[in-house]
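J.: Chains as they are written, first to last, in the numbering used here: chain G, 58 to 146; chain Z, 9 to 536; chain D, 160 to 281; chain X, 74 to 238; chain S, 483 to 1458; chain P, -3 to 120.
None of these hints come from the bench; they were simulated from the model. Since we're looking at a predicted model, the values are computed, not measured. A couple of the hints might just be wrong.
Said to hold, decoys possible - Here are the computed lysine-lysine pairs in the DSSO-like style, where the Cα-Cα straight-line distance is at most 30 Å: (1) Lys1262/S x Lys95/P; (2) Lys1208/S x Lys223/D; (3) Lys95/P x Lys226/X.
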Amino acid sequence: MIAFATFFAFVCFALAILMNLWKIISAAEIADRILALDAMFINALALMILYGISLGSEIYFEASLIIAMLGFVSTVAYARFILRGNIIE
Amino acid sequence: MNHFLIAPVVLPALVGPFIIMVVRHHLDLMRIFSLASTVLLVAISLVLAAQASSGEIQVYELGNWSAPFGIVLVLDRLSAMMVLLTSVLALVVNLYVIGSGWDKRGANFHALFQFQLMGIIGAFLTGDAFNLFVFFEVLLIASYGLMIHSGGTRRFQAGMQYVVYNLLGSTLFLFALGTLYAVTGTLNMADLAVRVAEIPAEDSALLRVGAVMLLLVFAIKAAVIPLHFWLPASYANAPLPIAALFAIMTKVGAYAILRMYTLVFGPDLALTEGLAGAWLMPAALITLMIGAIGVLGSYRMGRLVAFGAITSMGTLLTAIALFTPEGVTAALYYTVHSTLAAAFLFLVADLVTERQGIEITAQRVMPQSGLIAVLFFAGAIALTGMPPLSGFLGKLLVLDAARDHDLVWWIWGTVLIGSLVTILGMARAGSLLFWKSHSITETEVDPTVAQDHQPHQLHEDHDSSAHGKVAPTARATVLPFVACFALLAGLVALTVFAGPASHYAEATAAQLFAPETYIRAVLGEVTP
Amino acid sequence: MNPLSIEFLVASAVGLLTAAGIYLILRRRTFPVILGLSLLTYGVNIFLFATGRLMVNAPPILNKYADVAYTDPLPQALVLTAIVISFGMTAVVVMIALAAYLSARDDLIDMPHHPEDEGEDA
Amino acid sequence: MKLLQRLVPHPILTLLLTIAWVLLTSTWTLNSLVFGFLLGIGIPFLTQPYWPNQMRMKKPLKIAAYILLVLYDIIVANVVVARIVVFKPNSKRRPAWIAVPLDLRTPEAITVLAGTITMTPGTVSADVSAEGHALLVHCLDASDPDAVRDSIKQRYERRLMEIFE
Amino acid sequence: MSLFLIAALPFLGAVFPALLIRAGRNASASAAGLTTFLAFAGLLLHAPAIFRGEVIQVGVDWLPALGLNANFFLDGLGFLFASMILGIGLLIILYARFYLSREDPMGQFYTYLLLFQGAMVGITLSDNILLLLVFWELTSLSSFLLIGYWKHLPEGRQGARMALAVTGSGGLAMIGGMMILGNITGSYDLSVILQNKELIQASPLYLPALVLILVGCFTKSAQFPFHFWLPHAMAAPTPVSAYLHSATMVKAGIFLMARLWPVLAGTPEWFYIVATTGLVTMLLGAVIALFKDDLKALLAFSTVSHLGLITMLLGFGTKIAAVTAVFHIINHATFKAALFMSAGIVDHETHTRDINRLGGLRHLMPVTATIAIVAALSMAGIPPFNGFLSKEMMLEETVHTHWGSSAYLVPGLALLAALFSAAYSFRFIGHVFLGQPRNDYPAKPHDPGFGMWAGPALLMILVVLIGLFSATLVGPLVAIAAGAVIGGAELPYYSLKLWHGLTPALYMSGVAVAGGLLLLLLHRPLMAAWNAALRPEAKQIFDRLMRGLTKLSQLITDGLHNGAITRYAFVMMLFIIALSYYAYSSGTIQAPTRLAQTEGPIALIAWFCLIVATLAVVAKHRQRQLSLVLIGVVGLVVSLGFNYLSAPDLALTQLSVEVVTMILLLLALNFMPKDSPIESPLWVRLRDGGIAVIAGLGAATLIYMLMLRDFSMPSISEFHLANSYKGGGGTNVVNVILVDFRGYDTFGEIIVLGIAALVIYALTEAVLGTRVRAYLLNRKPDMPQAGDAHPMMMVVATRVMMPLALMVAAYIFFRGHNLPGGGFIAGLITAIALLMQYMASGFSWASERQRMFYHGTIGSGVLIAAATGLGSWFGGVPFLTSAFGYIHWPPLDEFEWATAALFDLGVFLAVVGAVLLALESLARFAWQPGISSEHAMDINPARDDLEQAQLQAQAPGKHPGLQAPGPHDPSTKGEV
Amino acid sequence: MDMIFEYLIAGFLIMSGVFGFVGSFGLLKLNDPMSRLHAPTKATTLGVGGVLLASMVHGLTVEGSVSLHELMITLFLFLTAPVTALFIAKVHLHRHETKDSLPPPADDSNWATHTVIEPHPEQD
Ligand code: NA
Ligand code: NA
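The following block holds chain G by itself, in its conformation from the complex (with noise of 0.2 Å):
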C-alpha cells in the first residue's frame, strides 16, 4: 500500500513538475516564471523526500532541506532583480 501511495505521489509530483516546466517555458509574464520556478523548487523538494522514504533512506533529506532554503533565495532574488534591478542594494 505505501509503494502505491508512494508511486502515486511521485506521480503527482512529478506531473507537477512538468506543468511549472510548461508554465516556466510559456508563461506571458515573469512572475509567473518566477513563481512555476519557486513551486518547481518545492516539488522537487518532496520528489526528494519521496524518493528516501522509497528507499528507506535518510541519506536525502540534506538536499531537500537545502532546496528549502535555496528555493527561497533564488525566487527572492529573481524577483528582487525585477524591483529594484540590484537585488543587494
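Assemble the complex: chain G is given as a structure, and chains Z, D, X, S and P with the ligands must be docked to it using the hints.
T.: Below, chains Z, D, X, S and P with the ligands without anything else, positioned relative to chain G:
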C-alpha cells in the same frame, strides 16, 4: 621523506595569503616578501635540480597515501629543470615589475604572482593526471588575474577571450580525464602507464579518444595551430612583463605533452599509434610559420613578440613531435632558451612601449634609446635564433635531430624559412623603432600623424600608463635594466655552457625514454 | 541501445548539454557565452560523474551494519573539485565580462581590430 | 545580567536553534544537546548586529494556541483552495483586493500577521502601506471583501496584539 | 698566440671603443686599432709555420651533442684571408678615425667594426662548419649594424635591411647545406669533411647540399641574381664600404667556395652552377658599373664584377684556375680598398660622389689622384700593376674552358667583361681626376691629412710592388693559400710574372683596353641608350617584394587572428571533433560488458524536464533573465539526478553553487543589456548548431560506450572504499577522498577560489579607477524601480532564517566526514545565509554591521588548510597526512576529532571569503550616493511613529499622512 | 498498529500527491496573475507537509528511528513561503497595478511598492 619536493608549492601558497592578510597596504613590504619568496624559490629549485641531477627519481606521497591511491609528487630531471626555469624567470620578472612599478598599477599583484608560481610549479611536479588539471586551473586563474592586471578596455576584452578559450580547454581536459579514468580505473600517471600497456589492442578506440583529447588540451596550452588563437591577443594585451612570465606557461603545455606522451602513451605504444605523430609535426610546422608571418605582419610591440613566442613554440613542438631522444634533447635545450628569450623580448618590448606606446612606428628618439636598442637587438637575435645566442644552437639541435625524420625537408625548410621571415620582421621593427626615429626631429613630429594613431595607442581609459603612449614620467630606474641584462646573461650562459646544458638535456631525454624507472619509483617494484 | 535505460538518459543529457553549451558559446555577446559555459559545465560534470558507472541507491557512505553496494566515489570527488573550480572560474568570467562591458559600453565578445594601412619604411 | 544579555541576545532564538540542532542531527544524546546549545549561543551572538532590538513575546501559551489555530486554518485553506482551483470556473470566481488597516505596530508582529494571512484560506499578503499602517491582501475568491478583512482582524490580529504588544 | 685568442680579440676589443668614447675619439680609435694590431701580430707569429706548410689546430668541445666544437685551424687559405681582414682592418680603422665627423658616434662605429672583424676572422679560422655558420651569421648581423650606421639616412636603413634579408636568407640556406654535408660525412669538423670528397660527391644529397651552400656563398658574395644588395649597402660610411667590399664580407662567400673546393668542386654540377654564375656576374657587374654616376656605386658594381670573376675561376674546377683565383683575391683586395678609400676622400672633400659633378681633381688633390689612378689602372688590368697579372691569368684560363660544346662562349664573354671593366676604370680616372678643374664643386677640394691617405697610399704601393715583383712578394702566399684550396694536392705549374709571351690572353687584354677606351669615348650616347632601355630595377623588385611580403603577412595575420573568438572557438571545436573521431575510428572496440539498466517513469520525467529546459535556454537565450531562470531549472534537475544516482554530496554542492552563481549573474546583469540582439546570420547559426550537435553527439556516444563497459582493471577507488574508515576516519568516502586521499587537489581547489576572489577584487579596483566610476555613479536604472527596497517581512523573516541557515551550515560542516556535507557546502550555505541578509537589508547596511575582512577570511582559509598540511611534518610524515582520534570528556560521550576537519575549516573560510568578496565587488559597482540605508527595513511603524511623535512634539500641527517627504518616508532612508 | 501507521503513511502520501498536483495545476488553470499566486504557495505547503509527515511516521515505524528533522524543512517552508509570495505579489504590483487599481491604504499615502523615489545620483 624529502620535504623539499613540496616546498616550492607550499612556499608561494603561504606567502600569497600572507601578503594579502598582513602587508596588503605596504607596497615595500609586499615587494620584500614577494621577492624574498622568489629568491627562496630559486634556492629550493637549485637544491631540487641538484638532487635530480643524480638521475634518481624522488617521489613524495602526499597525505602519506601511496600511489596510485593518493597523489604523489615526482621529481625527475625534467620536472626539476622546469621548476628551476620557472623560479629563475619569476625572479627576473619580479625584479622588473618592481623596478618598473607595474605592481603598483593594480591590486593584489604580488599575491597573484605567488599563486601563479604555485600553479606552474605544482603542474610540473605532480605525478597525478587529475592533480595536473587542478594545478592547470590554479595557474590559469592566476594568469587571468595577472593578464587583466591594471585594467583597461582592450585588456578586459582580451581577458574575456583568454578566459573563455581556456575554459573550453579545461572542459576538454575533464572530458579527457573522465575517458581515461573510465577505461583504466586510475589517475596516477605511472599507474596509467602500467595499465594502458596492458589493455588489449583490440580494445583501443575509447582509450585513443581519451589520449587524443588529452593531447589536444596540452596543445591548446602550447599554442599549437589551430588551437593557438588565444595567444596573440592575450599576450599582446597583457602587461608585457606579465607576458614575459607567461613565456613559461606555453611550456607547461609542451611539458605535459612530453610527459604524457613519453610516460603513458610512449612512442612505441601500439594502442595510441598515430595520435601524436600524425598531426603534431605538421601542426607544429604550420605554427612556426604562422608565428613567423605574424612577426613580420605585426605593427604593435606586444603582438610582435607574441608571434615570436608562437614561432618558438612551433620550433619547440617540432622537436617534441620527433619523439626521439635526440628530438627531446633539442626540445629541452630549446625550451630553456625560448623561455628566456621570449621573456627577454617581452621585457624589452615593455621598455619600448612604456616610452613610446604600443605601435611600432618611428617616433622621436626615446629615452635610453641606445641601451634599449642594444637590448632589442639582442632579444631579436635570441628569438629569431641567430648566432651568437643560444637560439641558434637550439635551432641547430632541432635541425640535426630531425635528419632521420620522414618530413626532414619540410622541417628544415620551415625552420629555416621561418627564421628568415622572423628576422625580416624583427629587422623591420627594430629599424623603425630605433633608426627611423633619428630622422625625426622634435619639430618634425607631425601632430596629425600622432592624431591618427591616437585611437590605437590610447584607449578611452584614463590611465595612460597602462596602455602606453608616452608616459610623461617614464624615468628609468635601474632594476628593469638589471632584469633584462640578467635574462641576457642567462642566454649567454646557455650559449657558452651549451655543452653541459645539452648534456643535462640528453640525460633528461634518456630518463624520459626509459619510463620504467619512473614507474618503479612511483609504484614500487610490484605491478598491480 | 535501450532508450529507456538510465545510461541512455544520462548520455543523451550529456550530449544535449554539451551541444547547447557549445552553441551558446559560439554566440557573439558575453552573456550567452557565460550561459553556454554553465551548460557545458553541467555536461562535463555529468560526463565525469558517469565515468564511475551509474548506480541507484548506493551512495558511497559506508554502512557499518550491512554489506551493501557502493557506487564509485572517486568520480564524485573529482566532480566536486571540478564544480568548485568552475564556480571560481564562472565568478571571474562574469566579472571580467562586466568589466569589459562597463569599459567598452558594449558586450560583444569578438574584438575586431582595425589594421591601419601602414606604409613601408621610407 | 547585562553581560548575559550581551552573550545571549535572543534567548528564544537560542532555544530554537538548540532544538533545531537536535532535530537536524536526530541524535538524542547529551553530546548533541551540549553542542547544539553551544551553537545556539554562538550563532545569535554572531548575528546579533542584524537583529539589534530585543524581541519580547509574552504569554507562551497563547503562542501555542495561535500556532494550533493557524495550522488548523492552513489545512482548511488548502482544501478550500484546492476546490476552488479544481472545480470552480474562472468566470465564477471573485478575486478581490482588500486593504487591512493595522493596529499592530512592531515589525515582527506585522510580519507574523502577514505570514498568517498568506498561509490561510484564499488570501495572500501582497504589500504593506508606505507608512506601515495597512496590509494589502489579495483574495482568491471573496464575494464580501469586508468580511474577510474583519475576520483577519478578529481572528489573527487581535491574538497577535496580545502576544506581541 | 692561440687561435682562440686571435678569434676572440676583436670581440673582446669591441667592448672598449664604445666605453672609451667618453675618453675621446682618439682613445676609441686607438683601442680598436690596438686590438686589431694585436690580433694581426698574433696571426703573423704563425706565419713561419704556415709557410712551412703546417696546419695549426686548436679545439675545445662546445656542444658535443650536436658535433658543434669550438675547433679552429689555420692553414694557408685561412692565413691569407685572416691577414687581409686584419691588415686592411687596421688601415680602415686609421682611415675612419679621420673620415668620420664629430656628429658620428665613433665608439659605436668601432664596436660594430670590431664585431664584424671578429666574425670574419672566425669564419676564416673555423674548423667546424657549424662554428663557421655561427660566424657567418654574425657577419650578416654586424654588417646590418654597419650599413645602417647612419640611422638618419633612409638609404642606410633600407640598404641594411636589404643586405640582411639577402645574406640572411643565404645564410639560412647554407645552414641547410652544411647540415646535409655534416650528415653525409658524419661530422661537422671541416678537417674531417675535407677528407671525404668521394663520399660527398657520390651522395644523392650532394646536389642539394651544393645548391644550398652555393646560395649562401652567392648571396654573400653578391653573385647574380643576388648582386643587387651590394650597391645599396653603399649607404654605409665609406670606411665600411671599403672594408666590406674589398677584403671581407663579400669575400666570405669566395672564401667558403675556396674552402670547400676540395670536396665540392670538380663535378659538372659545380662547373655549370659556379662558373656560369661567376661569368654572368662578371659581365653584368662590369656593364652596370659603366653606367653608374655615383662613385661608390661604380665601385660597388665593379666589385660585383670582380667577385664574379673569382667565382668563375673557382667554378672552372681546375687547379690552375684556383691558383689564379687566389691571386686575384689578393690583388682585388689591394686595389679595391685603395679605390674605396680614395672615393671616400673625394666624397669627404668635395661633398659629392656624383661623377657628373666632378672632374679635374688631379690638379686640386694630386696625392689622392695618384693613388686612385694607380689603383684604377690596376683594376682595368693595365700593366705593370697587379690587376693585370691576375686578369691575364684569368683570360688564359677562359681560353681553355669549354661551356657545353662551345669553346668560345666563356672566353668571349670574359673578354667582353674585361672590356667593360677597362671602360669603367677609365671613366673613373677620366671623369673624376682628369680634365680641367671645375669651379662648381659643392665644396672646395684639397688633399686630406696624412692620416686619411696613408692607408690607401700603402695599398697603392702594394699594387705597384705586387705587379712588379709578384713572385717574390706574394708567390709564397699564393702557393700556400692555393695549396690549401686544392686540398693539399700538388700545385700545378704557374708563374706569376708580367710577361708570358704573346699569348691569347695578351691579345685579349689588348682588345679589352682598346675597347674600353672606345667605350669611354662613346660614353655619352651609350649612357643615353642605357637610360632609355627598359631593365628590371632589382631594388624596386626587392622593395616591392618586401612590401608585398609584409602586406601579405599582415593580411594573413590579421585575417587569421581577426579577434573573433567565435571563430576561434569554432575552429577549435572542429579540430577537436575531427581528431577525436579519427582517434576513435582508427581504433577498435569490443562489445559492451555491462547491461544498460532500465529505469522507471520518474527518471524519464526528470530527463524530459532537463531536455526541455536546456532546449528552452537555447531558444530563449536572448531574453537574459528568462534564460537564467531556465538555467536554474537545468541546475535543479541535474542536482536531482545526482541525488538519484547515489551522489548526495554532488547534489548538495550543485544546488548551492547553482544559486550563488545565479545571483552573481543577476548582479552582473543589472548593469548589462537585458537582451541579446540577433546578430549572426542564419547560416552562421546553422553552422554553429551543426558543430554543436556533432560535438554533443560525440560526447553522448562516448559516455554511453564508456558506461556500458567495465574498467579494464579494478578502479583505484576500491582502495578508497576499503580504507576510508580505517585510514581516513570517515564513512563518507567522497569526503574522505576530498580531504584526505586527494586532499592536495582540494588544497589546489581552495587556492583557485581564493585567487578568483583576488582577481575580482583587483578587477573592481581597476574598473573603478577609470571613468567607469563616474558612469556608474550617474547611472540611471534601465528598468523602472519599485519602492520598498527592504521589505519589512523579508527583514523579519531573515532574522530567524539566517541563524537557522547558519545552524544548517554548521550541521553540514560537522557531519561531512561521515555523511553528505563538508566544508565547501557549509561555506556556500553560510554565504547564502549572509546573502539573504544582504538582500533583505542591503549590502551596505549589513556589511557595516559586521565588518568582515574578506581578504583575511580567504587568506586565513588557505593558511589554515596549508598549516594543517604542514602540521604533519612534525609527525615526520608528508604534507597533508591526516590524523584522527577520539576524546572522552565525562560526562559527555566520546567524540571524534580529525585534522581533516581543520582542513575542511580552511575550505569553509576560503569559500565564504571568496563568495562575499565577489558580492562586495558587485555591490561596489552598484554603489551610488545615498544608496546605503541607516535602517534594516524601510518601513517600520514602531520606529517611524516614535520619530513622528518626537517630530510633532517639536513642530505640532502637521498631519503625518500628508507629510512628504518626511523623516519616515522611505525615500529618506532607502534611496536618493 | 502497523496497519494503522501504514494507512496513515499512505494517507499522508496520497494527500500530499493530490495537493502537490493541484498546486501546480492551479498555476495553469487560474487566469489572473494574482490568483495564480494562491495555488502553489498554499497547496505545495500542504503537499510537502504531507510528504514530510509521511516521512516522519515512516522513519518512526518502518526504520525504527525517531527522526524529526523533517520538521526543520517545515519550519523553513513556513518561514519562507509568505515572503516568497510577497515578493511575487510585489512584482505583479510593480508591473501591472497602479495606485488607482488598488484599494486605498487606510490613512497612509500609498502602497509601499508604488512609493517610488527617483534616485538622484550626484556627481562624484
Ligand atoms: Na603603425
Ligand atoms: Na624610435
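J.: Look at each hint and say if it fits the structure.
T.: Comparing the hints with the structure gives:
1. Lys1262/S x Lys95/P: Given pair lysine 1262/S, lysine 95/P holds - Cα atoms ~24 Å apart, limit 30 Å.
2. Lys1208/S x Lys223/D: 12 Å, holds
3. Lys95/P x Lys226/X: Measuring from Cα to Cα gives roughly 23 Å; hence the hint holds.
Figure legend: structure checked against the earlier numbered hints; every hint is met.
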